[in-house]
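Enquirer: One letter stands for each residue in the lines below.
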Amino acid sequence: MTIRQLLEILTVLIPLPPFLAFAFIVLFFNRWKRLSHSIAIGAMALSFLMAQIVFWTVIGWGGEALYEHPIAVQVPWLPSGDEVLSMGVMVDPLTAITLFFVSITCLAIFIYSVGYMHGDPRYSRFFAYISLFATGMLGLTVADNLLMLFIFWEIMGLCSYLLIGFWFEKPSAYRAAIKAFLTTRIGDVIMLLGIAYLYSQTGTLSFAAILRDEAVLHELAVTPSVISGLSVAAAVGLLLFAGTVGKSAQFPLHVWLPDAMEGPTPVSAMIHAATMVSAGVYMVVRMFPLLAVGMEGAVGTPPMVAMAIIGSFTAFFAATIAVAQDDIKRVLAYSTISQLAYMVAALGIGAYVAAAFHLVTHAFFKALLFLGSGSVIIGAHHEQDMMEMGGLRKRMPVTFWTFLIGGFALSGFPILTAGFWSKDEILAYAWHLNPVVFWVLAAGALLTAFYTMRQICLTFLGEPRGEHAEHAHETPWVMTGPLVVLALFALFFGFVGVPEEFPVLGELIGYNWFHHFVGATVGELLHHLPGPESFNPVPLAISVVAALGGLTLGWLVYGRRPLKAGETDPLARWLGPVHTVLKNKYYIDELYHFVFIRPTVWLAGAVFRWFDRGLIDGILHGIARLGEILGIANRWVHTYVIDGGVVDGSAKVVGATGRELRQVLQTGQVQHYLLQVLMFLCAFALLYILFF
Amino acid sequence: MEFPVLSVIIFAPAVAAVLILLLPKDRQTEPKVLAAAGSFISFVLAIWIFLAYDRGAGGYQFVEKVPWFPAIGSSYHVGVNGMGVMLVLLNGILLFCAVLISWRIDERPREFFALLLLMGVGVFGAFALLDLLLLVLFYELVLFPIYLLIVNWGWKPLREYGAMKLTLYLLLGSLVAVVGILAIFFTSGLGTFDMVELEGVALPVSFQRTWFLPIFLGFAVLASIWPFYSWSPDGYAAAPTAVSMLHAGVLKNVGAFTAFRVAVLLLPEGARFWMPYVVFLMVMNVVYATFVALVHTDFKYIIGFASVAHLGVVLMGFASLNELGWSGAVTMMFAHGIIAAMTFAVVGMVYDRTHIREIKQLGGMVQRLPWAAVGFIVAGLASMGMPGFLGFIAEVQVFLGLWRAADLAPWYPVIAIISAVGIVGTAAYTLRALQYVFLGKLNPKYADLPGTSTLDKVALVLMSAVLILGGVFPFLVTPIVQSGVQSVLALLGGA
Chain A
1 MTIRQLLEIL TVLIPLPPFL AFAFIVLFFN RWKRLSHSIA IGAMALSFLM
51 AQIVFWTVIG WGGEALYEHP IAVQVPWLPS GDEVLSMGVM VDPLTAITLF
101 FVSITCLAIF IYSVGYMHGD PRYSRFFAYI SLFATGMLGL TVADNLLMLF
151 IFWEIMGLCS YLLIGFWFEK PSAYRAAIKA FLTTRIGDVI MLLGIAYLYS
201 QTGTLSFAAI LRDEAVLHEL AVTPSVISGL SVAAAVGLLL FAGTVGKSAQ
251 FPLHVWLPDA MEGPTPVSAM IHAATMVSAG VYMVVRMFPL LAVGMEGAVG
301 TPPMVAMAII GSFTAFFAAT IAVAQDDIKR VLAYSTISQL AYMVAALGIG
351 AYVAAAFHLV THAFFKALLF LGSGSVIIGA HHEQDMMEMG GLRKRMPVTF
401 WTFLIGGFAL SGFPILTAGF WSKDEILAYA WHLNPVVFWV LAAGALLTAF
451 YTMRQICLTF LGEPRGEHAE HAHETPWVMT GPLVVLALFA LFFGFVGVPE
501 EFPVLGELIG YNWFHHFVGA TVGELLHHLP GPESFNPVPL AISVVAALGG
551 LTLGWLVYGR RPLKAGETDP LARWLGPVHT VLKNKYYIDE LYHFVFIRPT
601 VWLAGAVFRW FDRGLIDGIL HGIARLGEIL GIANRWVHTY VIDGGVVDGS
651 AKVVGATGRE LRQVLQTGQV QHYLLQVLMF LCAFALLYIL FF
Chain B
1 MEFPVLSVII FAPAVAAVLI LLLPKDRQTE PKVLAAAGSF ISFVLAIWIF
51 LAYDRGAGGY QFVEKVPWFP AIGSSYHVGV NGMGVMLVLL NGILLFCAVL
101 ISWRIDERPR EFFALLLLMG VGVFGAFALL DLLLLVLFYE LVLFPIYLLI
151 VNWGWKPLRE YGAMKLTLYL LLGSLVAVVG ILAIFFTSGL GTFDMVELEG
201 VALPVSFQRT WFLPIFLGFA VLASIWPFYS WSPDGYAAAP TAVSMLHAGV
251 LKNVGAFTAF RVAVLLLPEG ARFWMPYVVF LMVMNVVYAT FVALVHTDFK
301 YIIGFASVAH LGVVLMGFAS LNELGWSGAV TMMFAHGIIA AMTFAVVGMV
351 YDRTHIREIK QLGGMVQRLP WAAVGFIVAG LASMGMPGFL GFIAEVQVFL
401 GLWRAADLAP WYPVIAIISA VGIVGTAAYT LRALQYVFLG KLNPKYADLP
451 GTSTLDKVAL VLMSAVLILG GVFPFLVTPI VQSGVQSVLA LLGGA
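Residue numbers (the numbering used here), protein chains in the order written: chain A, 1 to 692; chain B, 1 to 495.
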């Protein structure tokens, strides 16, 4: 067996262990808590191991070689007409790097959950669900076609529903679960239509057959679609992007994500870092050759323009909301929306590698931040309001330091953190390609640094402002351990993608591994993408100023003189009504309620009452009533006219005729009766033909 | 002579029904056992033909042909192609499950089970018969026991109204269709009711265009096509559980399948002419029924409207007039049959114990009826097109088929888009029902509600297994469906 065959088998097996863990826990081990978490973690560790083996082996081959000969296995699954939709796996550079970060973050979250979920009555169930979640993400990552990707995509949707509503006794949790499921589903359905459209045009859904075939892409780019002015490629691209808008919580479908904080915190980490929202961005990164086909110079295709607009808008918009949130997890939720938007915007301007890079670094530091906030929540006895916290630095040192690292990475603290390298790359491209996008993203970066510092100060510095924070304690090692590991990645992972032209460091490292490896995923296309030819210090300076400036501002407002108990947020005092609007998330939930939900419910009710019960049944009952009236009239005629006069006379005639006829018609043979029935029906038929 | 497997499938329940009626009046258990035995024989044999059907050869298999009324060219001619196999299998599964679910019936069980089995006989016949005249006879045979079942064993406040509405509606629909069938009989000039022979005849185009609409709509009434659907939710709400299960699960399929076989296959030109317009009615099925299900608070009505919406998808698949769409439609018939039967069974389990169907008055049932809850979730997920369940396989094919039908009329992709909205709606009302009925707080009044019986569990597991197996391994289902579709696709002729 060659190494390649071995890797093929491993790749096929990667999503399997968590799925088996899910099945076994649900079916057999629901009552045994310890056994359940052992199975789940063991299975995840197995997947982790296999994913790492695959990753490290293919790294040795290099990006170009892997692009030329990706690992690929296929089996026929759904025969449809002449074609067969196959299920299959494929590992190209993008898959490899995604496997790498997904397996690490998932495993960290699994281990962490042992501590976080301790004592929960549905402990085993929890591990079953997150195992299924991991299956969804791993399966999506190795999928070699859109249909399979969609299947695992939907499995994750289901898991998010189950996990956000995990504490379904709480009405808010249950509502959040439904909201998440339905909102993402709107995107999913549009995406499914895109898939259907693509399939109807190409007859295949395989990534290799569509994305690597110049002829197919060209054909899609020149064929006009059903929507005038758009090529098929553009129409499909826009439809697919809708899936990302839902799954990765971009405006206007972002509303589900903050509410999703109702789920247990490891779930938030799972959704926000390791799996679901990453999947949304992963999909558009994966489909990038299709989205970008027809791009001329720096002028993007319609899907790219849409991504640039929605991405940069969301990045800034979500950051402004995050500034005014008091719930420790909600701040992070909005920062997730904002950071994902950076990736979307990056893809929109054609910064393919930068988007993928930020996807990976974000997964690490956001998982770290969520798990850190979970650690705070557990340590502070389920307190989530930052206004009630403070002073946790001394009480929870490991959590504090790791959270600080995560926060700095999120803010893009220069050189030292991974977040800096990926965000800087996006900004460098934006500077070169689209100044509007650049300035919006830079402003977003400033806000990001500011609200991160605000969060750190409110949570960890000063004196405790609440009872729970007063008695907070550090969490056990199963929770802090994963934090430390993730913190290492949040610090050092950035160095795999240092631009070669970067002063000093670039020369020192000498090779932008990430760019070459992941960039190879799109083959030739990479060299046609526009980008800065040489190093430009201006965007770098602005990016550094934004990060440091935001952090400093945050420090000045919240750190230098920590908030006292009962004191209002200084920002609320200064911004007044603006702050209220931000705190209420621009009232978008309320708006949706009035614009979409209320009218829908009203319309549905009206349709049912007026149309179903009123019109259709009304007509029906009218007809029935008519029949009844006719019957009564008939009886009247029968009683007074026929019985009264005519009948007695004619009765004799009829009787005689009847006796005669009986001998002819009533032969007692069933066939003859049926024949008579038939003749009557024929007569009807004849009437119908004559009159219609 | 070969073993007449189809005839045995069709008539085994009939024999059981006769035996049941011969039992002394006071027997409670024997009728149930006999009914279970009779339906089990059909069930096992249905599985057997599913396995034994030669997918490579395709076409009609297990054919039996005995002259019945030679004077007008009518014969007892049964046979199934790939589509028929799936539907016979579906009825085999559901009839058996319906008997199991009805075990609690102790009001005149003899009559109940005899009528239930009779209904099954009619459905088997309607799926397997290849003779139009007998097909119509069996079709009517189905309607008669349903009326009695609803009126006698149904939900008291509604049963007379519901039964009458349902029966009159369907009779009227079939009357129109029968007239059309006679027109086909006379116009073909072959002097035969044999569908296989009729399929070979190209009827005049003008004739096809005139007659397609009445025949199609006549049968589609039984598939609850909009706006002739209103018998369905009322009828189901009124009917006893087993009848709702069978009616939604298989009877609607009889309507859809017969409409397809008679109207589309015998009048392909008519179909090509009318379908691009009729398809709007089917969209209404999806959109409209979904809307109503969103606001209704009666558990059984919600399921009833869900079924109306799903039949819209089935009919749309047929309306796409291409291979993918048809294959999707047949798969959807099968999937919807199981889904509808399962959900009605679950409603029945909850209702029998609480005598409440208002979802807002229920809650926390998962604690007392976990099996029913899981059954509802499985069926619900399948019904909202979640991958991993058979419903997804069906919906994907229907959508792909609709999208590909753009050459028929440019608005087909738009139809696909609109009906896709239905998927979101399905998720919404399913989760809403799930939340109100099964999650949340349990009313203390129900703290010691009896749990689900073993037979209930058997039925639920059996049906869940079918949905999941078919969803994870679609190659178990699609090749046989497609062999059936391909064998009739040629009838459509060139565009």
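Simulated from the structure, these hints should not be mistaken for laboratory data.
Just so you know, these numbers come straight off a predicted model, no measurement behind them.
A few of these clues could be false.
[What the hints assert, rightly or not] Derived pair list, reagent style DSSO-like, types lysine-lysine, alpha-carbon separation capped at 27 Å:
1. LYS457/B <-> LYS445/B
2. LYS445/B <-> LYS360/B
3. LYS156/B <-> LYS360/B
4. LYS360/B <-> LYS170/A
5. LYS156/B <-> LYS33/A
6. LYS170/A <-> LYS445/B
7. LYS156/B <-> LYS65/B
8. LYS394/A <-> LYS170/A
9. LYS360/B <-> LYS441/B
10. LYS564/A <-> LYS170/A
11. LYS441/B <-> LYS170/A
12. LYS25/B <-> LYS156/B
[To be verified] Away from chain B, derived, C-beta distances all over 12 Å, residues of chain A:
13. PRO252
14. ARG395
15. TRP555
[As the list claims (entries may be wrong)] Only some residues are given here: those of chain B computed to face chain A with a beta carbon under 7 Å:
16. VAL8
17. PHE399
18. LEU400
Idealized CB from N, CA, C, for every residue including glycine.
Enquirer: Does each hint hold? Answer for all of them.
Expert: Evaluated hints:
Of the supplied pair hints, the one linking LYS457/B and LYS445/B holds, its CA atoms being roughly 24 Å apart against a limit of 27 Å. With a C-alpha separation of about 15 Å, the suggested pairing of LYS445/B with LYS360/B holds against the 27 Å cut-off. A threshold of 27 Å between alpha carbons decides the hint, and for LYS156/B with LYS360/B the separation of about 21 Å falls inside it, so the pair holds. A distance of roughly 17 Å separates the Cα atoms of LYS360/B and LYS170/A; the hinted pair therefore holds under the 27 Å criterion.
For the suggested pair LYS156/B and LYS33/A, the alpha carbons sit about 48 Å apart, so the restraint of at most 27 Å is broken. Under the criterion of a C-alpha separation no larger than 27 Å, the hint pairing LYS170/A with LYS445/B is consistent with the structure, at around 21 Å. At most 27 Å may separate the alpha-carbon atoms for a hinted pair to count; LYS156/B and LYS65/B exceed this at roughly 44 Å. Only pairs whose Cα atoms come within 27 Å are accepted, and LYS394/A paired with LYS170/A is rejected, the gap being roughly 33 Å.
Taken as a hint, the LYS360/B and LYS441/B pair is honoured in the structure, with Cα atoms around 11 Å apart against an allowance of 27 Å. A hinted pair counts as satisfied when its Cα atoms are at most 27 Å apart, and LYS564/A with LYS170/A does not qualify at roughly 32 Å. Between LYS441/B and LYS170/A the CA atoms are separated by roughly 10 Å; this keeps the pair inside 27 Å, and the hint holds. Restraint check for LYS25/B and LYS156/B: the C-alpha separation of about 24 Å stays at or below 27 Å, so the hint holds.
Distance to chain B confirms PRO252/A as a non-interface residue, since its nearest Cβ pair spans about 15 Å, more than 12 Å. Non-interface status of ARG395/A relative to chain B is upheld: no Cβ of that chain comes within 12 Å, the nearest being about 37 Å off. Residue placement check: TRP555/A keeps its beta carbon more than 12 Å from all beta carbons of chain B (closest about 45 Å). Annotation: VAL8/B was flagged as interfacial toward chain A, and the flag is violated, the nearest CB pair being 24 Å apart, outside 7 Å.
A hinted interface residue such as PHE399/B counts as satisfied when its beta carbon comes closer than 7 Å to some beta carbon of chain A; here the least separation is about 5 Å, so the hint holds. With its C-beta approaching chain A no nearer than about 5 Å, LEU400/B sits inside the 7 Å limit, and its interface hint holds.
Of the hints listed earlier, those the structure fails to meet are numbers 5, 7, 8, 10 and 16, in rising order.
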